[in-house]
Amino acid sequence: MTHIEVTVNGEKRPDEVEPRLLLVHYLREVLGLRAANVGCDTTSCGACTVLLDGKSVKSCTVLAVQASGHEVTTAEGLAVDGELHPVQAAFRQNHGLQCGFCTPGMVMAAVGLLSENPHPTEAQVREGLEGNLCRCTGYHNIVRSVLAAADQANAADQANTAGPANTAGPANTAGPANTEVTA
Amino acid sequence: MIPAQFDYVAAESTSHALSLLAEHGDDAKVLAGGHSLLPMMKLRLAQPEILIDIGGLIELAGVSTNGNELVIGATTRHADLAASELVRAEAPLLAYAAGQVGDPQIRHRGTIGGSLSHADPAADLPMALVALGGSVELQGPGGSRTVSADDFFQGFFETAMQPDELLTAVRVPRRPGVPWGYQKFVRRANDWAIVGVAAVDGRIALANMGPKPLRATAAEEALARGASAAEAAQHAAEGTSPGEDMHADREYRRHLATVLTRRALEHETG
Amino acid sequence: MSILGTRVLRTEDPKFLTTGGVYTEDLVDERLDGACHVFFVRSPLAHARITSIDVSAALEAPGVVAVYTGADLADLAPIPPAVAGLINTEMQQRLLATDKTRFVGEPVAAVVTEHPYQGEDAVELVTVDYDPLPAALGFDPSDDSLLFEAAGTNVAGYWGDASSLKPELFDGCEVVVKQTIVNQRVAPAPMETRAAAAVWGEDGRLTAWIPNQGAQGTKSSMAKLLGIDEGLVRVITPDVGGAFGAKFGADPEHVVVAWIARHLGRPARWTETRYENLIAMTHGRAQQHTVTIGGSRDGNVQAYRLEIVQDAGAYPKIGAVLPMLTILMTTGPYDIPEAEAVAKVVVTNTTPIGAYRGAGRPEATAAIERAIDLFAAEIGADPADVRRKNLLAPFTEPHRTAFGALYDTGDYVAALDKALDAAGYHELRKEQARRRASGDIRQLGIGVASYVEITGMGDGEETPPQENATVEVHPDGTATILTGTSPHGQGHATAWAMIASEELGIPIEKITLKWGDTDLIPEGGGTGGSRSLQQGGAAVQQAAQELLEVARLRAAAELEANAADLIYDKTRSAFNVAGDPDASVPLTQLAENERLLIRTVFSQPGATFPFGTHVAVVEVDTETGKADLRRVITVDDAGTILNPLLAEGQRHGGIGQGAAQAFLEEVVYDEDGNPLTTSFADYPIVSATEVPSFELADMATPTTYNPLGAKGIGEAGSIGSTPAVQNAVVDAVAHLGVRHIDMPVTSRRVWQALQAAQPGSEQ
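Chains as they are written, first to last, in the working numbering: chain A, 1 to 183; chain B, 1 to 270; chain C, 1 to 763.
Chain A with its partners taken away, still in its complex shape:
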């Protein structure tokens, strides 16, 4: 057994775990945080997505021991004072979920995406969610939810900041402009 200390949703937790214990199972079975789901065997589906030090990761492909000394945020930890996080609220407003199985992972991936690219285009949202599979929605309303959350945040920023409105910020695309497929 290995001793770990992971901070989960703001709370530091010491535990003794098997090295092979996957982070997703540590969260679900040891901590009782079962929003993240296991949906595949090959790091494909993203239903297990959480934030690790603020970055979206697939918790099925992280060992709990690797998370020791780091911070994990799960869907359960997103709500602010019992209110839905803006991304969660946007998913509700836009019917971005049906059966809900992919949803916590999708929401965490969206939170991660928007933290790195607060003003994504539709194409960037779709690419940003390429690691999250959904079988129910056809992605249409998921994309709308993320764009709506971005719009909301943008509007809030504009209301709050006194300075020039939404500058483009550092380019977040990895390649030259002609990676976009034109219709």
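Hints in this document: simulated from the structure, not taken from any laboratory. We treat Cβ as the ideally placed atom computed from N, Cα and C, and that holds for glycine. Do not take every clue at face value.
Here are some chain A residues pointing at chain C (derived, C-beta under 7 Å) [unchecked claim]:
| hint | residue |
| --- | --- |
| 1 | Arg34 |
| 2 | Ala35 |
| 3 | Cys40 |
| 4 | Thr42 |
| 5 | Glu76 |
| 6 | Arg92 |
| 7 | His95 |
| 8 | Leu97 |
| 9 | Gly100 |
| 10 | Phe101 |
| 11 | Glu127 |
| 12 | Arg135 |
| 13 | Cys136 |
| 14 | Thr137 |
Taking lysine-lysine pairs in the DSS-like style, the calculated list, with each CA pair at most 30 Å apart, reads [what the hints assert, rightly or not]:
| hint | chain 1 | residue 1 | chain 2 | residue 2 |
| --- | --- | --- | --- | --- |
| 15 | C | Lys418 | C | Lys389 |
| 16 | C | Lys510 | C | Lys570 |
| 17 | A | Lys12 | C | Lys15 |
| 18 | C | Lys418 | C | Lys430 |
| 19 | A | Lys55 | C | Lys15 |
| 20 | C | Lys166 | C | Lys344 |
To be clear about the criterion: a stretch of chain C counts as covered by chain B if any three or more of its residues have a C-beta under 8 Å from a C-beta of chain B, and this derived list gives those stretches [what the hints assert, rightly or not]:
| hint | segment |
| --- | --- |
| 21 | 622-628 |
| 22 | 676-684 |
| 23 | 687-696 |
| 24 | 739-752 |
Since the structure of chain A is already known, use the hints to place chains B and C on it.
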């Protein structure tokens, strides 16, 4: 989808990691991002007795310059590589390739050292390194050595690394302003390449046209003789040994190689 | 202001968004304390005799409680084939394969451990000796290698009579086109895999938590397969992470888990991995179609023949029955004077076929939509014009087809024109022409598909489709609905609350829906075949109305007035004497002395028939063959829409899956029957980058069959989109000589079709 049991130790320093490797040899695997290794272990295709975690060694991460080379620490994550202003300016093909690996979550964890050691012939970074004519720095009990990309990848998931060696850094020539092209033909966005091509500065590397990333040497020679992109690309599949799978047979792969090589030589990404 | 027809947000969502749904794997229940965990040893061979099973090493492994094989379950009867009278009765499935295994992934043994992490370790230690047999595969599996020796054939059955096909059917047709088409095998692949949790009480009753599409049907199956009285079984349905037709009834694994719990006298739990899900959950489709279509040069289709071969997989389950539905919908929305259809069902050494979104009807649509395009190409006509020419004229009285389907209401030409208009069809054709003229590498393809489909079918016209609902109003002002439907993402908790709220005036936040617990709701048809709103929703409305009638009588007594003089004021949820608002009594008060509840059964005259047209726009890279889906424009007319937000979601999801079948998905087996698509890395369910945002045009032709005017919408999206996308990709390269490409229209297939169409190449 649970790995077989193993022991785990978090290395406290590079030399600690090396002494552990020397001690355990073939029984050990190095863990950094774990996004090449852990998927294999979850399918029980790899069952090391002990994992040596180098993820916490910050001395092994980061990008710097050294003369006419970029030096990239082995545990630099794909996302950081893709976003690095320095790499985007000096070796944009590498930054682009890193941004193509898997999906955002995978890129937040996977490292260049891990991806290169894994040596999947269909992967982005091995092909990119071969196209760039880069090299890897290996440290072992006897000291360190540099191996060129052309020599490093030896076969299907096989590299020149010895069991007691650690890949500590990656070097690529600095080529600011030099045009490049990259083509990754996939079925779905985060699939591995059915065929991939990376081209820069007269060098052309191919992914998934053989057991390791290959140089399209016949096409390169044609270019050197003054052939156009289209003419040179006709030779792209010569000397390759593409496999057959449910995505493509050999003939289709060869055809894709020529089309994608032409596009890469025309400095297109896609 | 009516709440019906408005975009009410789902009351379910806050839970799903924060703490997450509670799926079977998530269950924390004291009844399951101390549960052991079940893992299956599965056959690695497509066809083999099992000569021995050695469990000794597994029994020694850490945490192993027990290991069971088919011999231990000998007292349980095998699963008979679906529709045993029509399908060869020899084709039975043992819960754990005993003498023989017939598909890769078939469960052969069950290992039980204390902790879930010990299971895979122990499974590896079970040694099974197999004597391999040749695999019988494909649509014409050889009888040299019989799956069921006692059956003497690999043909499981027939639908329709091939000897009744008329050779002269196409006499008089100026143009006849024949094509063999594959409607390929796909995997339903819901995000939640199969699972079960089971415990037996001291009263000898089984409580089983199983993700399912109809607890009552699952209960019947469990009882039957366990060989016990139905009264001894309680099935509870946790949140279900998608189903798409593949979670009806009970699978062998569910039964084995329950049996283990009884045998060990402790709760037992099981969750399958994605690998297991992709090879052992039933697959969908797997039909081969030979279509023959004939007509006049000016575009009238005069005759159509559909010959189907259904690959049922190793054991004939509902997949073996689906061709009956395909045949029922043979001519779709078209008015074709002469048409005939027959089907043959074969067994092969592959995963059994079950229902998958559309279940037999998408296949009919895909066949005729391809046939119409082939006919149009042959006569050089625009495929939309050919459709318009041949669609049934609008009707408001039920229309009986030659295949026995009774379409309730329909206006197919309006749907076609509306979709074409929304797509900007003529501009698209102009753009296509421009690119063709300039030889663009990226060609534009436009695909059209018109469909009609059958929803809410009962057990035939003799047994009208029906559903029950119970509505209860509580003294505290809340209400509870019990439904026989079984939502797994469709939003019934919100939708049924809307319906009850509309009648009773109680706000939806105060209305709770319950479903899926057979002790609470002993009868119900579940959710599938797009039946729920039209029958289940109508039942809720009827129950609420009947409840008000009971309440009215109580109010009359309370107010000492005539019942006929009372009016129900929804805004106050109270009865008052007409003209005297102060003489009133709230509904809740009428529940104080005696429970105020009504259980009702709503019956519908028959199935309903939603319809529509899909238009797909693709760009094909003619150098690589890769098709990108650019736009999907749909009209899906499912009658009156209760909640447009939910209806759109169902359409989106259907379009996504339908399009994915057209250009991406396929379960692939090698020549030895080994599945190659065993993970989400290999089996390409679509991600957000492969599909665009969809363009939905609205059209509502109500049915007269239920007071909501509603037809089913859950599957329609996947029925129209598949042929629209396939047709679009073929259309993109039609000018280069390509007439047909089988699904999935992968880049390789497109490229091969382009090669084959080159002048001088062998066709």
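Results for each hint:
Restraint check, A:Arg34 versus chain C: the minimum CB separation of about 4 Å is within 7 Å; hint holds. For A:Ala35, the interface hint holds, the least distance from its beta-carbon to any beta-carbon of chain C being 3 Å, beneath 7 Å. Proximity of A:Cys40 to chain C holds as hinted, the smallest CB-CB distance being about 4 Å (cut-off 7 Å). Taking 7 Å as the C-beta cut-off, the interface hint given for A:Thr42 holds, the closest approach to chain C being about 4 Å.
Look at A:Glu76: its Cβ gets to within about 6 Å of chain C, closer than 7 Å, so that hint holds up. The beta carbon of A:Arg92 comes within 4 Å of a beta carbon in chain C, closer than 7 Å, and the hint placing it at the interface holds. Contact between A:His95 and chain C, as hinted, is supported at the beta carbon level, the nearest pair being about 5 Å apart and thus within 7 Å. Checking A:Leu97 against chain C: minimum C-beta separation of about 6 Å stays under 7 Å; hint holds.
Checking A:Gly100 against chain C by beta carbon gives a least distance of about 4 Å; that is within 7 Å, so the hint holds. Interface restraint check: A:Phe101 against chain C, minimum CB-CB distance 3 Å, threshold 7 Å, status holds. Because the beta carbon of A:Glu127 sits about 6 Å from the nearest beta carbon in chain C, less than 7 Å, this interface hint is met. The interface hint given for A:Arg135 is met, as the beta carbon of that residue sits about 5 Å from the closest beta carbon of chain C, less than 7 Å.
For A:Cys136, the shortest C-beta to C-beta distance to chain C is roughly 5 Å, which falls under 7 Å, so the interface hint holds. Look at A:Thr137: its Cβ gets to within about 5 Å of chain C, closer than 7 Å, so that hint holds up. Distance restraint check for C:Lys418 and C:Lys389: the Cα-Cα separation of roughly 15 Å lies within the 30 Å cut-off, and the hinted pair is therefore satisfied. Distance hint between C:Lys510 and C:Lys570 is fulfilled; the C-alpha atoms sit about 15 Å from each other, no more than 30 Å.
About 25 Å separates the Cα atoms of A:Lys12 and C:Lys15, which keeps this hinted pair within 30 Å; it holds. As the CA atoms of C:Lys418 and C:Lys430 are separated by approximately 19 Å, the hinted pair is consistent with the 30 Å bound. Only pairs whose Cα atoms come within 30 Å are accepted, and A:Lys55 paired with C:Lys15 is accepted, the gap being roughly 24 Å. Between C:Lys166 and C:Lys344, the direct Cα distance comes to roughly 17 Å. Compliance with the 30 Å bound is thereby established for this hinted pair.
Closer than 8 Å: that is the beta-carbon criterion, and the segment 622-628 of chain C has 3 residues meeting it against chain B, so the requirement of 3 holds. Counting residues of the segment 676-684 of chain C whose beta carbon lies closer than 8 Å to any beta carbon of chain B gives 5, which reaches the threshold of three, so the coverage claim holds. By the rule of at least three residues with a Cβ nearer than 8 Å to a Cβ of chain B, the coverage given for the segment 687-696 of chain C holds, with 3 such residues. Judged by the Cβ-Cβ criterion of 8 Å, the segment 739-752 of chain C is covered by chain B as claimed, because 5 of its residues qualify and three suffice.
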